[in-house]
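All chains should be built: construct the whole structure from the sequences, respecting the hints.
As they're listed, the protein sequences go chains A and B. In terms of the numbering used here, the first sequence opens at residue 72 and continues consecutively. In terms of the numbering used here, the second sequence opens at residue 68 and continues consecutively.
Simulated from the structure, these hints should not be mistaken for laboratory data. Any given hint might turn out to be false.
To be verified - Covered by chain B, per the in silico footprint, the following chain A stretches (three or more residues, Cβ under 8 Å):
1. 94 to 101
2. 182 to 189
3. 198 to 212
4. 218 to 226
Treat the numbers as computed from the prediction; the structure is a model and nothing was measured. The C-beta atom is built at its ideal place from N, Cα and C for all residues, glycine as well.
Read off the chains here:
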Amino acid sequence: MGFIKAVPTARNTFLKTLLGSLLAGLLGLTCGLWGTQAAQREPQSALPSVQQSPSRAEIAAETQSLSPEQQKLFSELAEALRCPTCTGLSVAQSDTPFSLQIRQAVLEQVKQGKTRTQIMDFFTERYGLWILREPPASGLHLFAWLIPLLLFIGGPFGLWLVFWRKRQQLPSTGIRATAVILNEFNQELARLRVLKNTGGQ
Amino acid sequence: MLADYGFLLLLFCCITSVYGTLAALFAARWRHRRLYRSARMAALATGGLCLAAAILLWVLLFQRDYGVAYIYKNSSNDLPLAYTFSAFWSSLEGSHFLWTLLLTVYSTIAHLSYAKDNEHIMPYVSASLQAIAAWMFYLSISYSDPFILQFPRAANGLGMNALLQNPYMMIHPPTLFTGYTALAIPFAYALAALAYGDITEGWLRTVRAWTLFAWSCLTFGIFLGGRWAYVELGWAGYWAWDPVENSSFMPWLFATGLLHALVVQDKLGHLKKLSISLAILAFFFSYFGTFITRSGVISSVHSFAQSPIGPNYLIFLAALGGVSLLLYALRAPAILPADSQKMWGFSKESALVVTQFLIITFALIIFIGTVYPIVSEALTGVRFNVQAPYFNAFAPYLGFAFTLAITLGNLLRFNSGKMVGGKKLLLGAMLLATGPTLIFACKGDVFRSSPKELYLQLLGIQLCFWAILCLSYDCLQRLRNLHWQIRLFCQRNLAYLGAFVAHLGVMVALLGFLGNYRGLEKTITLDKGESTTLYDYQFTFKGIALEVQDNALLYTAPLAVTSRNGEVLGTILPARAKYPTKQELFHEVGLLGGFWHDIYAVLADFNSETQTRATLQIFINPTVRLVWISIYLLVAGGLLCLADRVRGRKSRDVLGGSWDL
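This is the structure in structure tokens:
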């Protein structure tokens, strides 16, 4: 940016803060307004056909019959899928009929020997990426993961830039020093002369 | 009738607040002392009127006047007295009113107790506080009116949500809201500093005191919320990274950052602009949380019913953000540090700067995770979830970084590269910490975790004990420098002691959090008389029993707990509760808390005809008690710091001022 120079004057700070805040504010307002309207439009997931939901105990009993790796895979998957009708819980933590059905489906697929990727794809195809508990690390959502990472790396670098960089020290001794001191004196003299000339009025 | 008086009082409050804001703004512009006194009187009047309106609402609640819609919706004839008191804030309008009441009360106290040498910036402070109050009162009389009448008058109310009929409901909202609203005063002082042009004498002392008060209450409120969720909800956890929980955590983080920036400002006159920014951000995010809760933008377990008040909070947030940013952009360059040639080396102030960076990073990560659903919907059309796994991916690293920062920061000194004890202390403490770590690991049975987690667990525990040892060494060193005169040490160093206790609390909390990764769980269906074992305990199911408690019918499943060697430890009572006004069954958790772990049982399902068969979920939660202990340590630390009457009294940059008129 040409008109915002690197020198930290008051004007530049003002302009930079203004620009940054305008952008942030616009983004925030857009998202907020969108969100307040979108609150009505919470997506309805495709409900499975009505079937007898298994009980928590039945699923627990069935998992006992799996091998240890299969049990681990089952619990990992159950904790990676969200309960569609709860707020903030995974399928493993919730006892709603929907979650129990999903757990049953995961259990069957683990028994069939499918891999983690295959089972996750199965669910994301049917329910969309909405069924996940965290943003996937692909596409635009990579930013959700990249920004914290950049903060961790860039932060200390930023701190170094602001606080710990050795600044150019004016030499107080040596050949160059004389020129610097002479310069200062001449400037001071000029300023005093101006004051003396205008002091009378 | 009383309800009409209540509404009128709120209307008057709105009018006096608007007058107070305008009077204070003009008093600031013209430096007119008597106009400021008038604005101050308006603030005091607002306080009195609001308190009167609140008392009216309580009177109406205790009279069970169902002609008032709010009381009809939130209480009933069988509601116990204590919950009738807390029905004041149990739903949207009352909760907004509680917020407004607390804001007004603290604003009144701020107008009565400010440093005499700060009187000339009080017009700015007063204008900020009263502007916020004016908006809250406007919402109180328009969208969020608790005094709306309804006709015809019903004979009985709808009753309070069963989840809220709990002693925690008496303490959690008031303490939490105290934390949020008390942050308004540092915010007002920050805006005043920007408007006036610099930090004045007495600014530091006042802001420090209010921030400590707000921080202590906020800490208590947040942890109480976690404890409530733990004993009430039945998923054996205390923190779910729920959007509303996150939005209470962000102001807490910024308030912590503010406290640490004030330390540097006190000692060296630096980081003034950072203090101002953090004060503004802390208050801004406290409103951000209430915006999320009340507008339904992001769904959360804390959400109130959908109400049209949401966009108003957004407008307020936008105005707040806009004014603060404009003021900061225009006026911050005038606020200069005491020594612009300062060299920041390896010293305590650098460690504090690193701490600020970690705090701000943590807050930013939480912010990204909390607003990501809205942003993703705006950008891609699909509303994504960001739940616990996202935050848990970053939290351990931050915990590790905080441990390092706390230890090194406390051992370093200001303006000096020397560390108390030096490398010898760091290495020695690391070696010495293996002792407590092994004891902790054995008694807490850490070795039952799986191998990869075991290594990380031991590392975490080792680091926590290392930090505790280093902090204790520093404390003992200071005591030794004072020749072991404990009374003198306590008299002169309350602020240091408070910080020591609070940092100790953080370490204890981290030890407690590590236990989350070691929990055990078992789901089993039992017949009457059958037993099951989990982790050295045997649980015998005694059959379903019926119990009547207050206004609820409880189906309890007594579980007799015996240890491995046959010793009877007690009976826990997981239950499901049926309230007359609600359809679903609520959980009552069976809890047997111990120091090293809690036994936590939930009645998931039962056969209601035969009452001899039940599905139980049993958890073993390690080191949860350490988290509760850390609450008291943190709050005690905050209050100890608050009790220090000396710290912050000698500001490094004294800037006086006076009135013109």
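To see whether the hints hold, each was checked on the structure:
1. 94 to 101: holds (count 4)
2. 182 to 189: Since three or more residues must qualify, the claim that chain B covers the stretch 182 to 189 of chain A is violated, with 0 doing so at under 8 Å.
3. 198 to 212: holds (count 9)
4. 218 to 226: Per the Cβ count (5), the hint holds.
Violated hint for the displayed structure: number 2, the only one.
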